[in-house]
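With chain A's structure known, arrange chain B on it following the hints.
Spelled out from the first residue to the last, the chains are:
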Amino acid sequence: MNLSFALISIVTIAAATAAMSLRNLVHCALALTVTFAGLAAAYLQLDAQFVGLVQVLVYIGGVAILVVVAILLTRGGEAAQGSVFSASGIVGAGVTAAVLGVLVWAINHSAVMQPDMPPEPHVTVKQIGETLMNQFVLPLEVTGLLLTAALIGAVLIAMREPAGKIADRQSPIANPESQISNLKSQIPGPP
Amino acid sequence: MRGSMIEMADQIFVTLKHWLVELFPPAFQPLVSAALSVAAILSLFGGLFAVVTVFERKGLARIQNRLGPNRVGIPFTNIRLFGFGQPVADGIKALIKEDLVPRAADKVVHFLAPLAMFVPITLTFAVIPFGRNMTVLDLDAGLLYFFAVGTGAELAVFMAGWSSRNKYSLLGAMRGLAQMISYEVPLILSALTVVMIVGSLYPVDIVNAQAGYIGWIPKWHVLTPWGFAGCVLFLIAAAAESNRSPFDLPEGESEIVAGYFLEYSGFKFAIFFMAEYFGMFAAGGMAATLFFGGYNAPAPWLEWIPSWAWFIAKTMTWIFILIWVRGTVPRLRQDQLMNFAWKFMLPMALSNMVTAAVWHFMLPLPAATRWIACSLLVAGPYVLLGRGLMGDKKIARRTYRFAQ
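These protein sequence lines are chains A and B, in that order.
Our numbering puts the first residue of the first sequence at 1, with every later residue one more than the last.
Our numbering puts the first residue of the second sequence at 1001, with every later residue one more than the last.
Hints in this document: simulated from the structure, not taken from any laboratory.
A virtual CB, placed ideally from N, CA and C, is assigned to each residue, including glycine.
Mixed in with the good hints, there may be bad ones.
One side of the interface only, derived from the structure: several residues of chain A facing chain B at Cβ under 10 Å [stated by the list, open to error]:
{"id": "1", "residue": "Lys126"}
{"id": "2", "residue": "Gly129"}
{"id": "3", "residue": "Ile152"}
Take a look, some chain A residues computed to stay more than 12 Å from chain B by CB distance [stated by the list, open to error]:
{"id": "4", "residue": "Ser21"}
{"id": "5", "residue": "Ala29"}
{"id": "6", "residue": "Ala37"}
{"id": "7", "residue": "Ala64"}
{"id": "8", "residue": "Val95"}
{"id": "9", "residue": "Leu100"}
{"id": "10", "residue": "Ser110"}
{"id": "11", "residue": "Asn134"}
{"id": "12", "residue": "Leu140"}
Chain A extracted, bound-state conformation (with noise of 0.2 Å):
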């Protein structure tokens, strides 16, 4: 354990501390910003440079945004009148050490505490692209295509414009000569 570990770690449990226990909910969504991005520093800390870097993009840059863009459509900015813990705090212990148990009977068994452990390798990026072109091709073009079709979905229901809106849009210009003649109208001229 070194120095930079250490100040990796501190700031990450206590920005997800605040994430958890801050009234107002946007500052949560900043607090757990900052917990992303000390998971991404603690991956490049440990040389998983792919990892840390797409954690950067696809968490900071996409899902703490979805988050702030989703609080503020739902109006849920304002602050939280009274205490933000809960009441069943028995219930969440429970929930708490079950999953606890779980991570220790995890790590217990994964190849990281076995004796025998392999030196670790230094993998590059284009050895996981290598990985995924190769070994994994099927579930990466399956993913892809996934998205891909989410992406123009997307797309296609934002085209589908119905008509009448578009007719009323362009009401107000489609014919600009009787707009005037009525505007002229209004217009008290000379006697």
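Only chain B this time, still in chain A's reference frame:
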């Protein structure tokens, strides 16, 4: 003899930095090296920012038949320097202006927003190759880093707009967010074509792939059908990402006063202003790296000019185009902006990726076949999309009824 002189001029900054770093004990050398690089970037782009603001004001003034700033020179003398003392005066003004924070504002977020804007944009300079052996951070996934770090600025727009507790600020922030997310997709997709052809995310590899000439014509990506389409898409999306005219709706001074930085004054406003220009420089530098051959010279007989000079020249060309466009094109309407991003830029970027793939697989075939096929693949979707989006709208010659 002449060759070594050229080599020396090309590597002058690298040599200088090595010499400076070696003055320090070995333990401090990595730190000093990093600090020197950061200082060089900040002073170079800070200086360019100062000069470009004057050029922009003078250029816009010329386009609008005015003179522009031409008064500020050396105080207590009659020397005017053609108005190039203006940035110093502006800087002093920004520093001594009162820093106003609205009473209802969220003080912490309001304070952090300019920093959250400026820091990510400045960090993007780290992976841009400014010249031969002149990349600050030799990252294997440099291009990914560039786009990942750049997204940090989007949240800063929201932070500034929301924390000001002003409805115009919030409207500006919402506009800014929608615009930046929408144009990020075509921006990254158009850059991806280059990655597909070069097969690397490392910016120096991308620049080296464009070195060399066919006859006198450089092997730049912009001189291929997919590269030309990708370049135009990239530049339009980059202009939108840095909130420049004609995509400056988030500022929209005629309807929402100044958008998300409305409640900022003094040096905080100057930081927003500087971040916008730094964003332009970064976008121009990345466009030069991806499509215009980076630091490579455009012709064999111009090789004697140092590589860093070519990089700066290419970046400044982009700045010139942006100033020109700002003086020429009116601001878009919000629905036009969104339609353009999702219904034109996105399909074009997707079809351009197909074009790049076709180009890659047709490499063994004769050049003429490849050129004709790929040009059709670019022109076809362009015409079809244009016709399709036109719909049943009738475009005729504009007639003026009142202003004759």
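Hints and how they fare:
no.	hint	in the structure
1	Lys126	holds (7 Å)
2	Gly129	holds (9 Å)
3	Ile152	holds (8 Å)
4	Ser21	holds (16 Å)
5	Ala29	violated (9 Å)
6	Ala37	violated (8 Å)
7	Ala64	violated (6 Å)
8	Val95	holds (30 Å)
9	Leu100	holds (31 Å)
10	Ser110	holds (27 Å)
11	Asn134	holds (14 Å)
12	Leu140	holds (15 Å)
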